[in-house]
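Visitor: Take a look at the letters that make up each chain.
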Amino acid sequence: MSLQPNPIPDPDATRVDESIQPKSSRLWVDSLIRIIKSKTSFIGLCIILILILTAIFAPMIATHNPIEQNIIDRYQAPSSDHLLGTDELGRDIFSRIVHGSRISIQIGVIAVGIALIVGVLLGGIAGYFGRWVDQIIMRIIDIMMAFPSILLAIALVAVLGPSLRNAMIAVGIVGVPQFARIVRSAVLSVKETEYVEAARAIGAKHGRVLMQHVLPNCLAPIIVQTTLSIGTAILDAAGLSFLGLGAQPPTPEWGAMLSDGRAALQNAPWVVAFPGIAIFFVVLGFNLFGDGLRDALDPRLKQ
Amino acid sequence: MLKYIVQRLLMLIPVLIGVSILTFSLIHLIPGDPARSMLGEKATEAQLESLRAELGLNDPYIIQYGRFIGDILQGDLGESVQSKENIGYELLHKLPATIELTIFAMILAIVIGIFAGVIAAVKQYSWFDNISMTGALFGVSLPIFWLGLMMIWLLSVKLNILPPSGRLTAGIKLDTITNFYLLDSILTGNWSAFKDAFSHLLMPGLALGTIPMAIIARMTRSSMLEVMRQDFIRTASAKGLKKHLVVFQHALKNAFLPVLTVIGLQFGLLLGGAVLTETIFSWPGVGRYVYLAVLGRDYPVVQSTILMIATIFVLVNLLTDILYKYVDPRIRFD
Numbered sequence: 001m002s003l004q005p006n007p008i009p010d011p012d013a014t015r016v017d018e019s020i021q022p023k024s025s026r027l028w029v030d031s032l033i034r035i036i037k038s039k040t041s042f043i044g045l046c047i048i049l050i051l052i053l054t055a056i057f058a059p060m061i062a063t064h065n066p067i068e069q070n071i072i073d074r075y076q077a078p079s080s081d082h083l084l085g086t087d088e089l090g091r092d093i094f095s096r097i098v099h100g101s102r103i104s105i106q107i108g109v110i111a112v113g114i115a116l117i118v119g120v121l122l123g124g125i126a127g128y129f130g131r132w133v134d135q136i137i138m139r140i141i142d143i144m145m146a147f148p149s150i151l152l153a154i155a156l157v158a159v160l161g162p163s164l165r166n167a168m169i170a171v172g173i174v175g176v177p178q179f180a181r182i183v184r185s186a187v188l189s190v191k192e193t194e195y196v197e198a199a200r201a202i203g204a205k206h207g208r209v210l211m212q213h214v215l216p217n218c219l220a221p222i223i224v225q226t227t228l229s230i231g232t233a234i235l236d237a238a239g240l241s242f243l244g245l246g247a248q249p250p251t252p253e254w255g256a257m258l259s260d261g262r263a264a265l266q267n268a269p270w271v272v273a274f275p276g277i278a279i280f281f282v283v284l285g286f287n288l289f290g291d292g293l294r295d296a297l298d299p300r301l302k303q
Numbered sequence: 001m002l003k004y005i006v007q008r009l010l011m012l013i014p015v016l017i018g019v020s021i022l023t024f025s026l027i028h029l030i031p032g033d034p035a036r037s038m039l040g041e042k043a044t045e046a047q048l049e050s051l052r053a054e055l056g057l058n059d060p061y062i063i064q065y066g067r068f069i070g071d072i073l074q075g076d077l078g079e080s081v082q083s084k085e086n087i088g089y090e091l092l093h094k095l096p097a098t099i100e101l102t103i104f105a106m107i108l109a110i111v112i113g114i115f116a117g118v119i120a121a122v123k124q125y126s127w128f129d130n131i132s133m134t135g136a137l138f139g140v141s142l143p144i145f146w147l148g149l150m151m152i153w154l155l156s157v158k159l160n161i162l163p164p165s166g167r168l169t170a171g172i173k174l175d176t177i178t179n180f181y182l183l184d185s186i187l188t189g190n191w192s193a194f195k196d197a198f199s200h201l202l203m204p205g206l207a208l209g210t211i212p213m214a215i216i217a218r219m220t221r222s223s224m225l226e227v228m229r230q231d232f233i234r235t236a237s238a239k240g241l242k243k244h245l246v247v248f249q250h251a252l253k254n255a256f257l258p259v260l261t262v263i264g265l266q267f268g269l270l271l272g273g274a275v276l277t278e279t280i281f282s283w284p285g286v287g288r289y290v291y292l293a294v295l296g297r298d299y300p301v302v303q304s305t306i307l308m309i310a311t312i313f314v315l316v317n318l319l320t321d322i323l324y325k326y327v328d329p330r331i332r333f334d
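Just so you know, the protein sequences line up as chains D and L, in that order. Quick note: the first sequence uses UniProt numbering, first residue 1, plus one each step. Quick note: the second sequence uses UniProt numbering, first residue 1, plus one each step.
It cannot be assumed that every hint is accurate.
[Stated by the list, open to error] Subject to a maximum C-alpha distance of 35 Å in a straight line, what follows is the list of computed DSBU-like cross-link-like pairs (lysine-lysine): (1) L:Lys242 / L:Lys123; (2) L:Lys243 / L:Lys253; (3) D:Lys39 / L:Lys243; (4) D:Lys39 / L:Lys239; (5) L:Lys325 / L:Lys243; (6) D:Lys39 / L:Lys123.
[Stated by the list, open to error] With beta-carbon atoms standing in for the labels, derived distance ranges: (7) D:Cys46 / L:Asp328: 40 to 46 Å; (8) D:Thr63 / L:Lys195: 44 to 50 Å; (9) L:Ser37 / D:Tyr75: 32 to 38 Å; (10) L:Leu92 / D:Pro249: 36 to 42 Å; (11) L:Gly32 / D:Ile33: 53 to 59 Å; (12) L:Asp59 / D:Thr63: 55 to 61 Å; (13) L:Arg229 / D:Tyr75: 54 to 60 Å; (14) L:Leu92 / D:Cys46: 50 to 56 Å.
No lab work stands behind these hints, which were simulated from the structure alone. Being a predicted model, the structure only gives us computed values, none of them experimental. Beta carbons: idealized from backbone N, C-alpha and C, even for Gly.
Turn these sequences into a full structure, and let the hints guide you.
Guide: Structure below.
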């Protein structure tokens, strides 16, 4: 809704009060409409929905047991019996990819959850309290950002020990600086607003002001960053698993599956090809949706 | 300008101290006994004790850290637990391979990325724009380890046109001076080695350069579109300047600033991505070195290598900021 003074008497003037009231929910509804209207972000949304449905119904979609070995059927090319072929232990690749969707979602939720919670808290506190608190927190963030992220993740897994859980923790920690910086800058602008001043004036405590008034108004950039981070987290965790530092056998994790197929690249390229395509599509989905969300939630881009 | 550079260099000191504390702490974050973790379950108590004494793990943390920093400042990066080789010497030998690879990847990314971005912006909504931007969108979502393996399968296994691994074919002789093989082969006038080293660089360079290429192309396009709408571009066209002069001399120059930032940031990603790329292509660089050290739990190697890469990364970021100021004198840093 335009805030410019309207020179022409507005026949709907009496409805102005109503339209001001649900302003925040209007933003979300408008944004949702814009996402659906945008072709690319709609494709992203569809890919994410397919991923979620696949994960939920994995046992029904999979044609075989994902970890059942059948040495006689090893390195079978894609066929009607094994849609995407079999790997070096005769396991059905299609079923492994289907079950792997659950692990990808798990990685996305847990790793990004860690980054989100720690990053929002650190960024929120730094931005809200300012001065020396801000200085200390942001210098720590600077130090973390001095490492290329995948390298820091590798180093963390190196000390924690290789496992899917530790890979998720490492990818989560590596994602903290991004969130902290975005939230901090959002908080810096929100905390100057009058409603925050009003909340302080009626005696609300800092914790309450930050949690109830400041952070909820920084939601848009946080949501965009979360979506984009899920794609990156899945990619990084797959990279760690590919290096043998994440999911361990026989877990049907896509990066680990790719790594299993390396030895047979010459004769059985499908063992490598299909898990990679799965990673690519899921990451693409989150990237498309995240980009769409960013545009949709940016009021400057509203026609 | 000089004042700014000195100021920024001074600001680096606390960051580098923080980086050194973090890398130093790595070994102490290991659950349980680091010596046991490095030597394995079969190690005897005497072996463990000797390693602890060698690495000074029995001393208080503050003394250990002081020694860690003191050694590094004197250029001593310690020695590998497994091979007993001097880490500084190893890194010095492997670093040129990684730098050669990352610079090559970056050049590919910058040249192709900027070219695609400029054409896409000039011919907005054309087939070229659609195809290159879809490609760029796909590029940022590609797992580079998968892309690398698929390239090996197609170009080495199926078509047999590029070598799948290493820096040089066995049997080809090259006198190394700088350890940058392309440079060395030019300096020694050894063209067969140049051709061979170049063919070895192509695949890993392309795999490593794909993501930055995609990001640079997208950034260039959006930045160019913004600049092309400005009045001075219309003026330049109106006064009859040739189209390519308007695009490259007037528009690109002004659209370059955000692209430069992206390039600086991507360099760090490349250093990280080098671990994956070097592993796939058996590229004997720092990335593969640190990866093998992680697998072998050779923590001194992991520490020193990571510290060195982080330092390079920080310096590259500083260089980007300085270039930024140089490219756009309007920017004031206070």
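Visitor: It remains to establish, for every hint, whether it holds in the given structure.
Guide: Against the structure, the hints come out as follows:
Between lysine 242 of chain L and lysine 123 of chain L the alpha-carbon distance is near 16 Å, which keeps this suggested pair within the 35 Å criterion. At most 35 Å may separate the alpha-carbon atoms for a hinted pair to count; lysine 243 of chain L and lysine 253 of chain L meet this at roughly 14 Å. Using a Cα cut-off of 35 Å, the hinted pair lysine 39 of chain D and lysine 243 of chain L holds, with the two alpha carbons roughly 33 Å apart. Of the supplied pair hints, the one linking lysine 39 of chain D and lysine 239 of chain L is violated, its CA atoms being roughly 40 Å apart against a limit of 35 Å.
The suggested pairing of lysine 325 of chain L with lysine 243 of chain L holds, with an alpha-carbon distance near 28 Å, which does not exceed 35 Å. Taking the CA atoms of lysine 39 of chain D and lysine 123 of chain L, the gap is about 21 Å. The hint holds against a cut of 35 Å. Range check, cysteine 46 of chain D to aspartate 328 of chain L: Cβ separation about 41 Å, and the 40 to 46 Å hint holds. Range check, threonine 63 of chain D to lysine 195 of chain L: about 49 Å between beta-carbon atoms, so the 44 to 50 Å window is met.
Checking the proposed 32 to 38 Å range against serine 37 of chain L and tyrosine 75 of chain D shows it holds: the Cβ atoms sit about 36 Å from each other. Take leucine 92 of chain L and proline 249 of chain D: their Cβ atoms lie about 37 Å apart, and the range 36 to 42 Å holds. The hint said 53 to 59 Å for the Cβ distance between glycine 32 of chain L and isoleucine 33 of chain D, and at roughly 55 Å that hint holds. Taking 55 to 61 Å as the suggested C-beta distance range, the pair aspartate 59 of chain L and threonine 63 of chain D conforms, at roughly 59 Å.
Under the hint 54 to 60 Å, the C-beta atoms of arginine 229 of chain L and tyrosine 75 of chain D, about 56 Å apart, fit the expected range. At roughly 51 Å, the beta-carbon separation of leucine 92 of chain L and cysteine 46 of chain D lies within the given 50 to 56 Å, and the hint holds.
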